[in-house]
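Number of protein chains: 2
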Amino acid sequence: MNVDIITIGDELLIGQTVNTNAAWIGQQLSLNGMNIARSTTISDSKEEILAAITEAFERSQLIIVTGGLGPTKDDITKETLCDFFDSELELKQDVLKRIESYFAAKGRDMLPANIKQAELPKDCIVLDNHLGTASGMWFKRNGKVLVSMPGVPYEMKALMENEVIPRAVDYFGVKGMYHQTLMTTGIGESALAAKIASWEDRIYKDGLSLAYLPSPGIVKLRLTSKRGAQDKQLIDDYFEELEKELPHYVYGKNGVTIYEAVSSILRKNNATLSTVESCTGGLLAHSFVQFQGASDFFQGGLLTYSNALKIALASVAPLTLENHGAVSEPVVKAMALGGQKKLQTTFCIAISGIAGPDGGTADKPVGTVWIALATPKEVIAERFQIGNNRTRNIEIACLLAANMLRKYLNK
Amino acid sequence: MNVDIITIGDELLIGQTVNTNAAWIGQQLSLNGMNIARSTTISDSKEEILAAITEAFERSQLIIVTGGLGPTKDDITKETLCDFFDSELELKQDVLKRIESYFAAKGRDMLPANIKQAELPKDCIVLDNHLGTASGMWFKRNGKVLVSMPGVPYEMKALMENEVIPRAVDYFGVKGMYHQTLMTTGIGESALAAKIASWEDRIYKDGLSLAYLPSPGIVKLRLTSKRGAQDKQLIDDYFEELEKELPHYVYGKNGVTIYEAVSSILRKNNATLSTVESCTGGLLAHSFVQFQGASDFFQGGLLTYSNALKIALASVAPLTLENHGAVSEPVVKAMALGGQKKLQTTFCIAISGIAGPDGGTADKPVGTVWIALATPKEVIAERFQIGNNRTRNIEIACLLAANMLRKYLNK
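One line per chain: the protein sequences are W and Y, in this order.
When we follow this note's numbering, the leftmost residue of the first sequence carries the number 24, and every step to the right adds one.
When we follow this note's numbering, the leftmost residue of the second sequence carries the number 24, and every step to the right adds one.
Please note that the accuracy of each hint is not assured.
If chains are identical, the list can't say which one is meant, so a pair holds when it fits in one copy or spans any two.
Using 25 Å as the maximum straight-line C-alpha spacing, the simulated SDA-like pairs for lysine to any residue come out as follows [to be verified]:
hint	residue 1	residue 2
1	K180	L54
2	K387	L231
3	K129	E418
4	K139	E212
5	K180	G383
6	K364	R413
These are computed hints drawn from the structure, not numbers from a lab.
Please take these sequences and the hints and turn them into a complete structure.
See the structure below:
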């Protein structure tokens, strides 16, 4: 069963907004056994919308459209859908009531443009949007379905979860491809491919397919079976083999982050964590705190961006800073030990590096990062050379730091 | 002049990777006056690639293709392009040398799969990739151009900047649409639309078009002229009008973040900043540190996630915590004052809130956030009620905190 995803908006085409909606919709529907045939982004133009919908109806059974339903003047999707389905707008009283109570709950005034949002095509099933003012719409034609939703991500997600996915699974009775993904870190795509070449040959012989999905600091391995979930055990066994063979690199499954993997080991061990960050400026701590339940193990941290604060907060000796520089083994070890002592945690991770684009030297070029881990028994440190891009350097430094703790905990 | 963007990869369709490439390419090409007609994402299948390329050649003069050029077995773009352009692969010695020196510089072993990457279609111009092993390719047909690049974002970006954009601007001699965007925060889309209704009527009469682009905590207003850059002054004047009328909401232009806007005001005032964060766990500090030159004003921060650390690090009185709870005006004010004193900065922002999904009460439901700002003269605080989603609550709390400082600095 094929799905076409159509996302409408000039802001997507000209890249002012990254299309996270298409990714999320694709993920949810493929987890529910549907095949994403194509994802198309078009402009807020009637012609374009009509052309894209017509093409999609030729290819797919389910067409998901997002965007173009806001209260402001640039939105024309609703009128275009009326044209396509030969329908017309009518004021839906129940929708109007819902919009009124939405504004009442927020204590905000309702505007004329919001009343217009209760005008919807006669010939669609209205999907209630409890988080906003633009309703979803479910149209049927010749056994195929088109769904139109607002482009605001959390409104669209709630509509998908509460309305669209249950209805679509039921309507089309789907069962489909089965995917599982293994997460690796600390090894490049080519080197990983070389290490697992014979394993890869075997999975193909078993009728599975493999994709390498590299992203900064991480390579995901996705195994797919076209036979569906009946191959779950086969895929699990293949992944277990790699987990045993490459314990330093494999850290989890199915999109789990390295931070979640570390979090659950810390939780199991009743251990606590603190951080002392310089160049990453809080991103390492936030990477743990972003997940629910971080308070089980995360206590807090010190952001010692300036050298003065490395001394004042993390008790780094001024002479150590002077002799070795802020990006050095002795300083990063002192930061980790200082943080561990001050914040009274089982583990403390410290990071000091040159994120760039300025500040590099011949000895310590941009991308040089020292990471230290203070444990109950010792303090260890490692130097990494990442790259030239500030954002990537900061992100990858955090991944490497979390992986250092993971490797230690798994020993 | 029309552009079609084609991004190849099952990982994009099933949402394992968010398509940031399409957004970035769209942004760069539209800034160079090209019109992005459509952006299409397809699977790693020969049929799909051929169909999408054929359709795109009917619509556009320039077709940008990314993905499917990696060294591993799931990549078939190169062979498919040979079919489409009736060409064949040949081993390019100069490319092989570049790949060899790439591996030598990294001190890594070259693998057989990497040698294959020097095999490229006879009938294309090879675009050198200095950051990786997959080359770009530039094909011409009937005055139209197709460019194929690897999907790794930083490799693709370097190829675009160094090779594709200069060649395309030159080859097509483009001049096109002109966009400018005004950034607003602290006001919703509908309320903003109501406030600027008469302004909006006037811009339409002047032949401009307007789009509202909402994202969490921010609404962007994009003005577009089809007459090109000759309307720069007209658009500047319209935006200046709004800036004067709505100083609390308008904070910048063209994708600047609120953190960059605040950074430049702090820099101008020779002021320094520190943060004391609880529920945001470091994201506020990182939001400033992510940009080059943060050390001009940012000194560091305290992450007082646990109550014990609110006392130990930020000198919050235990009784204040006991009487009012961690998410309260007295505690967040004490955190800001404690941080300002300990870190010796001009300003200190403190955040304490209930990010969720647990921890809410009737008085303080999930989404309740207190933010305090310690200035040289006083400490001010404000309570916000954000929403139910942990990630959004954390992100928006940081935006609100930065905006509180911005409003204070602009007074």
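Here is what the structure says about each hint:
Proximity of K180 and L54 under a CA criterion of 25 Å is satisfied intra-copy only: 15 Å inside one chain copy versus 31 Å between copies. For a Cα distance limit of 25 Å, the shortest separation of K387 from L231 qualifies neither inside one copy, at 45 Å, nor across copies, at 51 Å. Taking the closest pair of Cα atoms, K129 and E418 come within 25 Å of each other only across two copies (20 Å); inside a single copy the shortest separation is 37 Å, beyond that limit. Proximity of K139 to E212 under the C-alpha cut-off of 25 Å is restricted to the inter-copy arrangement: shortest distance 15 Å between copies versus 52 Å within a copy.
In the homo-oligomer, the alpha carbons of K180 and G383 lie at most 25 Å apart only across protomers (23 Å), although the nearest pairing inside one protomer, at 44 Å, exceeds that limit. For a Cα distance limit of 25 Å, the shortest separation of K364 from R413 qualifies neither inside one copy, at 30 Å, nor across copies, at 30 Å.
In this structure, the earlier hints numbered 2 and 6 are contradicted, and the remaining ones agree with it.
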